[in-house]
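Asker: Single-letter residue listing:
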Amino acid sequence: MAARVRALETILTKKGLIDPAAIDVIVDTYETKVGPRNGARVVAKAWSDPQFADWLKRDATAAIASLGYTGRQGEHMQAVFNTDETYNLVVCTLCSCYPWSVLGLPPVWYKAPPYRSRAVIDPRGVLAEFGVTLADDRKVRVWDSTAELRYLVVPQRPTGTDGWSEEKLADLVTRDSMIGTGLAREVA
Amino acid sequence: MNGPHDLGGQMGFGPVAPEKDEPYFHAEWEKRALGVTLTAGAMGAWNIDESRHARESLHPADYYASSYYEIWIKALETLLKRHNFVTANDLAAGDAVDPSAMPKRVLKAENVPAVLAKGGPCDRPVEGSARFAVGQRVRARNFHPTGHTRLPRYARGKEGVIDAVRDGFVFPDSNAPGQGENPQRVYTVVFSGGELWGAGADPTLTVSIDAWESYLEPA
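Chains as they are written, first to last, in the working numbering: chain A, 1 to 188; chain B, 1 to 219.
Just so you know, these hints were derived from the structure itself, not from any lab. Check each hint, because a few of them may be wrong.
Keeping only pairs whose Cα atoms sit at most 25 angstroms apart, straight-line, the calculated DSS-like set for lysine-lysine is [unchecked claim]: (1) B:K104 x B:K118; (2) B:K118 x A:K33; (3) B:K20 x A:K168; (4) B:K74 x B:K104; (5) A:K15 x B:K74; (6) A:K33 x A:K168; (7) B:K81 x B:K104; (8) B:K108 x A:K33; (9) B:K108 x A:K14; (10) B:K81 x B:K108; (11) B:K81 x A:K14; (12) A:K45 x B:K118; (13) A:K33 x A:K45; (14) B:K108 x B:K74; (15) A:K15 x B:K81; (16) A:K57 x A:K139; (17) B:K108 x B:K118; (18) A:K168 x A:K57; (19) B:K20 x A:K33; (20) B:K20 x A:K111; (21) A:K111 x B:K104; (22) B:K118 x A:K57; (23) B:K74 x A:K14; (24) A:K57 x A:K45; (25) B:K158 x A:K15; (26) A:K14 x B:K104; (27) B:K108 x A:K15; (28) B:K158 x A:K139; (29) A:K168 x A:K45; (30) A:K111 x A:K33.
Which chain B residues face chain A? A few, computed with CB under 7 angstroms, are given here [to be verified]: (31) W29; (32) K31; (33) R52; (34) Y68; (35) D90; (36) S100; (37) R150.
Taking beta-carbon pairs under 8 angstroms as the criterion, some of the chain B residues facing chain A (in silico) [said to hold, decoys possible]: (38) M11; (39) W46; (40) E77.
The beta carbon of each residue, even a glycine, is placed where N, CA and C say it ideally should be.
Throw the hints in and build the complete structure from the sequences for me.
Answerer: As structure tokens, then:
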């Protein structure tokens with residue numbers, strides 16, 4: 001596959017259809033600039049600022065854009081909040097839809113058949129493989145991203161974090177906690 | 001189409017096996033695959049729905065045996081040939097031997113940040129009032145088009161409740177084959193686990209899909 005991709009890049013470059021330097025910029029963007037740290041800042045702000053949390057609930061696209069996170073695969077955002085009653089999990093059964101603007105590129109497992117097939121029929125079984133066990137009576141809501149809305153899970157704020165700065169809170173917000181396959185880090 | 005991509009509820013793929021501290025890319029070629037796919041898409045010859053359809057049109061045996069970046073590259077070759085940018089001769093030679101169609105535009109490195117930051121919004125104004133309201137019971141239509149659709153098989157014929165009325169969005173079923181955007185309203189429809197999966201379903205489970213208006217009928 002390495003040779004096949006290299007050949008394709010060569011053909012397209014020689015024909016003047018693509019700029020290989022543009023590929024370098026794209027790769028650098030998603031390796032170093034756009035990643036789950038963006039989403040973690042959104043969540044930390046929602047934990048700290050009730051007005052922002054309310055805005056995020058009503059118009060996630062605008063609220064997230066106010067922090068500077070916009071663009072490809074984040075054009076139409078919806079934030080879903082975990083509560084004591086309901087736990088949210090995001091999947092794309094049909095392809096690999098994922099909120100790039102706040103989480104970056106999706107992990108391999110998110111795009112692969114085991115997760116895509118089972119998240120909608122056996123979410124608790126899937127969660128167990130991530131080390132997450134929910135109470136038997138907790139409602140599980142699975143969001144299948146079948147259109148152009150992209151979902152960001154807002155995990156519950158860990159206890160023992162009263163008065164923490166947004167920066168410090170953001171360190172507790174893992175990528176998986178914003179997909180729904182994990183929880184925010186507990187405070188020791 | 002009832003293709004290999006429509007995975008919801010399928011069985012036999014084994015555990016998820018999440019990777020610890022997973023890198024963004026597992027090989028150098030994956031970086032180039034991402035970049036070639038995005039820069040080629042930026043020529044503007046096809047839309048995202050056509051590219052999704054090209055991926056799901058891989059032979060099922062090929063689709064399941066391929067990693068996601070492999071799926072992207074195989075579909076990209078199809079798109080490039082379909083739109084006369086690349087020929088079978090080019091691919092066989094691994095070099096540019098035949099002439100190419102003219103692209104609408106070429107994405108230059110200096111424009112990448114602005115293009116990525118802008119994205120490609122696909123909400124569109126739609127006329128008239130929404131056919132369905134929040135709380136209304138609806139049924140996902142039972143249909144099996146041979147072309148592109150975003151209504152997953154597991155929801156077809158199933159009864160659910162409108163959870164949210166969204167904006168109008170480009171309709172993938174007509175946009176993929178180049179028959180126009182024909183925007184429709186989208187609805188978030190929530191189904192109970194029991195409705196989707198029958199006896200033995202997780203009683204605490206609900207699953208929602210985002211469905212274009214014509215995918216739905218009153219229940």
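Asker: Hints first: check each against the structure and report whether it holds.
Answerer: Cross-check of the supplied hints:
1. Annotation: proposed proximity of B:K104 to B:K118 holds, straight-line Cα distance about 18 angstroms (limit 25 angstroms).
2. Annotation: proposed proximity of B:K118 to A:K33 holds, straight-line Cα distance about 15 angstroms (limit 25 angstroms).
3. With a C-alpha separation of about 23 angstroms, the suggested pair B:K20 and A:K168 falls inside the 25 angstroms cut-off, and the hint holds.
4. Of the pairs offered as hints, the one joining B:K74 and B:K104 holds, with about 23 angstroms between alpha carbons and a cut-off of 25 angstroms not exceeded.
5. Proposed proximity of A:K15 and B:K74 is supported: the alpha carbons are some 19 angstroms apart, at most 25 angstroms.
6. Taking the CA atoms of A:K33 and A:K168, the gap is near 20 angstroms; set against the 25 angstroms cutoff, the hint holds.
7. Distance hint between B:K81 and B:K104 is fulfilled; the C-alpha atoms sit about 16 angstroms from each other, no more than 25 angstroms.
8. Taken as a hint, the B:K108 and A:K33 pair is honoured in the structure, with Cα atoms around 19 angstroms apart against an allowance of 25 angstroms.
9. For the hint pairing B:K108 with A:K14, the CA-to-CA distance comes to about 15 angstroms; that is within 25 angstroms, so the pair holds.
10. With a C-alpha separation of about 22 angstroms, the suggested pairing of B:K81 with B:K108 holds against the 25 angstroms cut-off.
11. In summary, the hint linking B:K81 to A:K14 is supported, as the alpha carbons are separated by about 16 angstroms, within the 25 angstroms threshold.
12. Between A:K45 and B:K118, the direct Cα distance comes to roughly 23 angstroms. Compliance with the 25 angstroms bound is thereby established for this hinted pair.
13. In summary, the hint linking A:K33 to A:K45 is supported, as the alpha carbons are separated by about 19 angstroms, within the 25 angstroms threshold.
14. Our distance criterion of 25 angstroms between C-alpha atoms is met by B:K108 and B:K74, whose separation comes to about 24 angstroms.
15. As the CA atoms of A:K15 and B:K81 are separated by approximately 14 angstroms, the hinted pair is consistent with the 25 angstroms bound.
16. Proposed proximity of A:K57 and A:K139 is supported: the alpha carbons are some 19 angstroms apart, at most 25 angstroms.
17. Between B:K108 and B:K118, the direct Cα distance comes to roughly 15 angstroms. Compliance with the 25 angstroms bound is thereby established for this hinted pair.
18. Proposed proximity of A:K168 and A:K57 is supported: the alpha carbons are some 23 angstroms apart, at most 25 angstroms.
19. Of the pairs offered as hints, the one joining B:K20 and A:K33 holds, with about 21 angstroms between alpha carbons and a cut-off of 25 angstroms not exceeded.
20. At most 25 angstroms may separate the alpha-carbon atoms for a hinted pair to count; B:K20 and A:K111 meet this at roughly 16 angstroms.
21. Proposed proximity of A:K111 and B:K104 is contradicted: the alpha carbons are some 31 angstroms apart, above 25 angstroms.
22. Between the alpha carbons of B:K118 and A:K57 the distance comes to roughly 22 angstroms, so the proposed pair stays at or under 25 angstroms and holds.
23. Distance hint between B:K74 and A:K14 is fulfilled; the C-alpha atoms sit about 20 angstroms from each other, no more than 25 angstroms.
24. Of the supplied pair hints, the one linking A:K57 and A:K45 holds, its CA atoms being roughly 13 angstroms apart against a limit of 25 angstroms.
25. Pair hint B:K158 plus A:K15 does not hold up; C-alpha atoms about 49 angstroms apart against a cutoff of 25 angstroms.
26. The straight-line distance between the Cα atoms of A:K14 and B:K104 is roughly 17 angstroms, inside the 25 angstroms bound, and the hint therefore holds.
27. Simply put, B:K108 and A:K15 have alpha-carbon atoms about 14 angstroms apart, close enough for the 25 angstroms limit, and the pair holds.
28. In summary, the hint linking B:K158 to A:K139 is supported, as the alpha carbons are separated by about 20 angstroms, within the 25 angstroms threshold.
29. Of the supplied pair hints, the one linking A:K168 and A:K45 holds, its CA atoms being roughly 11 angstroms apart against a limit of 25 angstroms.
30. For a cut-off of 25 angstroms, the pair hint linking A:K111 to A:K33 stands: about 21 angstroms separates their Cα positions.
31. At a threshold of 7 angstroms, the smallest CB-CB gap from B:W29 to chain A is about 4 angstroms, leaving the interface hint in force.
32. The restraint placing B:K31 at the interface with chain A holds, with a minimum CB-CB distance near 4 angstroms, inside the 7 angstroms limit.
33. For B:R52, the interface hint holds, the least distance from its beta-carbon to any beta-carbon of chain A being 6 angstroms, beneath 7 angstroms.
34. For the restraint placing B:Y68 at the interface with chain A, the shortest Cβ-Cβ distance is roughly 4 angstroms, inside the 7 angstroms limit, so the hint holds.
35. Contact between B:D90 and chain A, as hinted, is supported at the beta carbon level, the nearest pair being about 5 angstroms apart and thus within 7 angstroms.
36. Taken as an interface hint, B:S100 checks out: its beta carbon lies about 4 angstroms from the nearest beta carbon of chain A, inside 7 angstroms.
37. Taken as an interface hint, B:R150 checks out: its beta carbon lies about 5 angstroms from the nearest beta carbon of chain A, inside 7 angstroms.
38. Taking 8 angstroms as the C-beta cut-off, the interface hint given for B:M11 holds, the closest approach to chain A being about 7 angstroms.
39. At its closest, the beta carbon of B:W46 sits 13 angstroms from a beta carbon of chain A; the interface hint therefore is violated under the 8 angstroms criterion.
40. Annotation: interface hint on B:E77 holds; nearest CB of chain A at approximately 7 angstroms, less than 8 angstroms.
In summary, the numbered hints that this structure violates are 21, 25 and 39.
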